[in-house]
Amino acid sequence: MKNLRLKSARAALDMSQQELANKVGVSRQTINAIEMGDYNPTIKLCVAICVAVGKTLDELFWAD
Amino acid sequence: MNSPHFVLGFFTGLIIVLIVALVIALIVKKKNGPAKYDERQELLRGRAFKYAFLVLIAYLCLNGLLQVGTGLEWADLMTSSFIGICLSVTVFVVICIMNDAYFAFNQKPKFYLVMFGVLIAVNLTIGIFNLTNEDVRFVTDGKLNFHVLSFIVVVIFLAVFIALAIKTLMAKRQADRSRL
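So the sequences go chain by chain: A and B. Read in order, the letters of the first sequence are residues 1 to 64 in the working numbering. Read in order, the letters of the second sequence are residues 1 to 180 in the working numbering.
These are computed hints drawn from the structure, not numbers from a lab. Each hint can be trusted.
No more than 30 Å apart at the CA atoms, straight line, and that leaves these computed lysine-lysine pairs for DSSO-like: (1) B:108 <-> B:50; (2) B:110 <-> B:30; (3) A:2 <-> B:172; (4) B:36 <-> A:55; (5) B:29 <-> B:172; (6) B:50 <-> A:44; (7) A:44 <-> B:31; (8) B:167 <-> A:2.
One chain only, chain A, in its complex shape (with noise of 0.2 Å):
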C-alpha cells in the first residue's frame, strides 16, 4: 500500500526524495520504495523519517 501521507508531507516541506534521504542516511530509492509500499521499514528509519519531516509515527506509519 502506497504511502501518500509521507509524500505529501514530503512534498509540503518542499523536499526531494534525495534530500530526505540524506537527512535520515538512506538511499533515495529506499525512500521511494516506502513512498511506493515495496520495502516496510524498521521503527528506527521510521523514528528518522518522522523527525526528518516533523511529523509523529501515528501521522506517517499508523495504518488508518
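Use these hints to put chain B onto chain A, whose structure you have.
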C-alpha cells in the same frame, strides 16, 4: 598436465589482476569513504547472496551429475569452475542492481559503468585475437579450455553493463520526478 611456463604465466596474470583490483578498491574507498548500505539494501543483498549460493549449488550438482551420469566432460576443471563462479557472481550482481542494492548510497555508478565497459573491450579484444590466432584452440581433447573464458567474461560483464545502464537511466528519470 600444463607446463611450468603456463602455470607461472597464469599465476602472474592472476596476481596482477588482484593487485589492480585492490588498488582500484583502495582509490574508490579513499575518495568516497567506506561503502554504506542502508537497511533495505542490506536485506536485498542478503537475498541476492542466497540466490547466488543456490545457483552455484545447482550448477555444481548438475555438472557433477552430468559427468558421473554420462561421463561427459564438457570443459576442463579450471574452466568449468570459473564458469560456475562467474554464473553465481552474475546472479548476485544483477539481482542487486535491479533492486538498487549493488552500490552503497555514497557511491556513484558512473565509474563502474566505465570500468565494466573497459573490461568488456579488453576481453573482447583478447577473445577476437585468440579466435584469429591459428595456434590457439578453444577445445582440447573434446573439452572447452580456458581460452573460452574471455568470451564468458564478455557475456557476463555485458549482462551486468546492460542491467546497470538500464537502472541508471531509470534512477535518473525517477529522481527528476521525485520533486513534486
